[in-house]
Amino acid sequence: MVQKLDYLKETPSQTAGPYVHIGLAPGAAGFDIYERELGWDIAGPNATGERIRVEGLVIDGTGSPVKDVLLEAWQANAEGVYPHPESAGETEEGFRGWGRVITNFETGEWAFETIKPGSTPGRNGTTQAPHINLWIVARGINIGLNTRLYFEDETEANAADPVINTIEWEKRRATLLAKRSDKDGQIVYRFDIRLQGENETVFFDI
Amino acid sequence: MSTPAEYYQRDREWHPPAYTHDYKTSVARSPQYSLISLENTVSEITGPRFGHGDIDPIDNDLILNYAQPGQSPIGERIILHGRVLDENGRPVPNTLVEAWQANAGGRYRHKKDTYLAPIDPNFGGCGRTLTDENGYYFFRTVKPGAYPWRNWVNNWRPAHVHMSIFGSGFAQRLITQCYFEGDPLIAKCPIVKTIPSQAAIDSLVAALDLNATIPLDTIAYKFDIVLRGRRSTLFENRLEGN
Ligand SMILES: [Fe+3]
Numbered sequence: 035m036v037q038k039l040d041y042l043k044e045t046p047s048q049t050a051g052p053y054v055h056i057g058l059a060p061g062a063a064g065f066d067i068y069e070r071e072l073g074w075d076i077a078g079p080n081a082t083g084e085r086i087r088v089e090g091l092v093i094d095g096t097g098s099p100v101k102d103v104l105l106e107a108w109q110a111n112a113e114g115v116y117p118h119p120e121s122a123g124e125t126e127e128g129f130r131g132w133g134r135v136i137t138n139f140e141t142g143e144w145a146f147e148t149i150k151p152g153s154t155p156g157r158n159g160t161t162q163a164p165h166i167n168l169w170i171v172a173r174g175i176n177i178g179l180n181t182r183l184y185f186e187d188e189t190e191a192n193a194a195d196p197v198i199n200t201i202e203w204e205k206r207r208a209t210l211l212a213k214r215s216d217k218d219g220q221i222v223y224r225f226d227i228r229l230q231g232e233n234e235t236v237f238f239d240i
Numbered sequence: 054m055s056t057p058a059e060y061y062q063r064d065r066e067w068h069p070p071a072y073t074h075d076y077k078t079s080v081a082r083s084p085q086y087s088l089i090s091l092e093n094t095v096s097e098i099t100g101p102r103f104g105h106g107d108i109d110p111i112d113n114d115l116i117l118n119y120a121q122p123g124q125s126p127i128g129e130r131i132i133l134h135g136r137v138l139d140e141n142g143r144p145v146p147n148t149l150v151e152a153w154q155a156n157a158g159g160r161y162r163h164k165k166d167t168y169l170a171p172i173d174p175n176f177g178g179c180g181r182t183l184t185d186e187n188g189y190y191f192f193r194t195v196k197p198g199a200y201p202w203r204n205w206v207n208n209w210r211p212a213h214v215h216m217s218i219f220g221s222g223f224a225q226r227l228i229t230q231c232y233f234e235g236d237p238l239i240a241k242c243p244i245v246k247t248i249p250s251q252a253a254i255d256s257l258v259a260a261l262d263l264n265a266t267i268p269l270d271t272i273a274y275k276f277d278i279v280l281r282g283r284r285s286t287l288f289e290n291r292l293e294g295n
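Top to bottom, those sequences are chains F and S. Under the working numbering, think of the first position of the first sequence as 35, with each following residue one higher. Under the working numbering, think of the first position of the second sequence as 54, with each following residue one higher.
I should point out that these hints are in silico values taken from the structure, not numbers from a laboratory. Please note that a few of the clues may not be correct.
What the hints assert, rightly or not - Simulated restraints, written as ranges between beta carbons of each label pair:
id : chain 1 : residue 1 : chain 2 : residue 2 : range
1  : F       : E202      : S       : D109      : 46 to 54 Å
2  : S       : N264      : F       : R224      : 53 to 61 Å
3  : S       : R65       : F       : R214      : 28 to 36 Å
Unchecked claim - Straight line, CA to CA, 27 Å or less: simulated DSS-like cross-link-like pairs of lysine-lysine:
id : chain 1 : residue 1 : chain 2 : residue 2
4  : S       : K165      : S       : K241
5  : S       : K165      : S       : K77
6  : S       : K77       : F       : K101
7  : S       : K246      : S       : K77
8  : S       : K164      : S       : K196
9  : S       : K246      : S       : K165
10 : F       : K101      : S       : K164
11 : F       : K43       : S       : K275
12 : S       : K246      : F       : K43
13 : S       : K164      : F       : K43
14 : F       : K213      : F       : K38
15 : S       : K275      : F       : K38
16 : F       : K101      : S       : K165
17 : F       : K101      : S       : K246
18 : S       : K165      : S       : K196
19 : S       : K275      : S       : K246
20 : S       : K196      : S       : K241
21 : S       : K275      : S       : K196
22 : S       : K241      : S       : K77
All residues carry an ideal CB built from backbone N, CA and C; glycine is no exception.
Bound conformation, chain S alone:
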């Protein structure tokens, strides 16, 4: 067993801050005190593990996983694929990736969503998968539609897929959103703009990936995800003492 080492400190200037005035819901839901910085212990470097017994093979196919037999959802058929890496550029294998999204009309299958675009009877809108030994994952789905939301009077969310990723330590836990190349709504969105830097925003935009398309069938977008990396143990700063 190798000696556990810390995760690199999170770059809090790269992530959105808790308080972002133009994303109005954050105003009353943002802590006002500074976070207390913890050095990692066993509680942070360990995390839940998942296996193929936890999910079903069809769970990553949103075109099939809720459709009636012989039917499929309306919309642009896409493959959303990529790798989960850490900050050292190493793949993160066997990690759970969960995704959820609106249908092609911009409507969620959720009792709290009242947008007038219709529910698609063949589309659930969620999927999950485990990365393979090279950190690779893929989903098959339809491209989600833009939808309006209450913030300013006229705010529209760009097309997006919500993504949840575990990694191997609880310190790596992350939820983010994947956007799509070329969408003019990205630059207008108050939720996107909670992120301070353009470079960080760009890292959430999946690229059109013609090499991964299935001709005459399904178009593809590539979305790589980076989780926190860990210190090497060249010079040990041991967590559990000597």
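Here chain F stands alone, though its shape is the one from the complex:
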């Protein structure tokens, strides 16, 4: 026998289930309970940088949209600063960096509005290309899935990004690139997430 280490074990994950909206987005579940729902305003009114809309679908292994998913986004501001004491620098008043969206129950489409983040420091003096960290939960997802949305037009920064370059299969890297378009003056990035099957999105163990 040896001495016992006294670390605790992390609480195991369980699926968020079909009624995740009740807890985390009750307005969408069909009732009004809180004065303020959280997560609908990511950037706030004072953030500098390019205003963008991010939209997409979450698609399951049969090719069908997942209509009961909840996504959370976590991102830096346009200067590459997260609103957290362990990120060096300041963020604008009202910049949350965090958002929460659910899909349309009929179509599975989700979307949020924010600003395009800047590059952030990577490990060992490297630089990470602009990206939005995403976390996806739903019925049938036993533990939240982490991925990153990168911007396809950031060609040079993406080519040097240490996380993208960690992905050995170059073909799979494209699953992390959101496609830019201009819809009547609004910049839209399209990011479909494939849980399984052809072009399965890269998910990370962070």
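Position chain S with the ligand against the provided structure of chain F, taking the given hints into account.
Using the frame of chain F, we list chain S with the ligand on its own:
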């Protein structure tokens, strides 16, 4: 400012795997490739922060937060309380804990729930709170009922409260479910059984806590939550280079 250090790697053999055949919805929603392992960067060690301006004091009282004036929901009145700790046993203060659940009859207030048990006009079924400086949280609510669900023909969910916890870094983000001591449905549930080990399942079962009851008023269950812990910085493996 202390030098940020990594979170301990998640023990993926302790958590449920993505693909669990007997929980049928997972079959088409589980990635088939292995996850790509990332060493933590500033993107993972930081995370959103919440304050008392984000929520209202009544938000943790599910007996009151949706009830008509002078009324309260039907059901066994409970206090659900505990601490949020990290794997080092340290409290996680000022972190947002959100909870949602069915009413005492097993029915959710959700447009997609069609179970024949009735909606309780005085029960919304969601609450939220911030842990205090010692990582302590509590909710007042009614004990949720078991409910049937479509998986096998005759599956029933044990009584449970869904819980969402943030921690201080996005790497700690967690959703889980709290079960209640003595429920015979726990051992039968395909969602519970997505978790490989009995010890891990046991850690999701809240204990009857008679010391925390309010006599003649409210019974209590204790549910501690553990989030990922972080390396110390004795020997630095610095995230941001030298
Ligand atoms: Fe449930």
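Please work out if K101 of chain F and K164 of chain S have their alpha carbons no farther apart than 27 Å.
holds, 14 Å
Is 46 to 54 Å right for how far apart the beta carbons of E202 of chain F and D109 of chain S are?
holds, 49 Å
Regarding the pair K275 of chain S and K38 of chain F, is the alpha-carbon distance no greater than 27 Å?
Holds, because 25 Å separates the two Cα atoms, which is no more than 27 Å.
Holds or violated: are the alpha carbons of K164 of chain S and K196 of chain S at most 27 Å from each other?
OK: K164 of chain S and K196 of chain S at ~21 Å, within 27 Å.
Under the criterion that the straight-line Cα-Cα distance not exceed 27 Å, is the pair K165 of chain S, K196 of chain S satisfied?
Cα-Cα ~21 Å, so holds.
Would the hint linking K165 of chain S and K77 of chain S be met if the CA-CA limit is 27 Å?
Holds, at about 19 Å.
Hinted pair K196 of chain S and K241 of chain S, Cα distance within 27 Å
holds, 19 Å
K241 of chain S and K77 of chain S were given as a pair; does the straight-line alpha-carbon distance stay at or below 27 Å?
holds, 15 Å
Taking 27 Å as the top limit, are the C-alpha atoms of K275 of chain S and K246 of chain S close enough?
holds, 22 Å
Hint consistency between K77 of chain S and K101 of chain F [alpha-carbon to alpha-carbon, up to 27 Å]:
Given pair K77 of chain S, K101 of chain F holds - Cα atoms ~16 Å apart, limit 27 Å.
Please work out if K246 of chain S and K43 of chain F have their alpha carbons no farther apart than 27 Å.
Holds: K246 of chain S and K43 of chain F sit about 18 Å apart, inside 27 Å.
K165 of chain S and K241 of chain S were given as a pair; does the straight-line alpha-carbon distance stay at or below 27 Å?
Distance ~24 Å between K165 of chain S and K241 of chain S Cα, so the pair holds.
In this structure, the hints that do not hold are numbers 13 and 14, in rising order.
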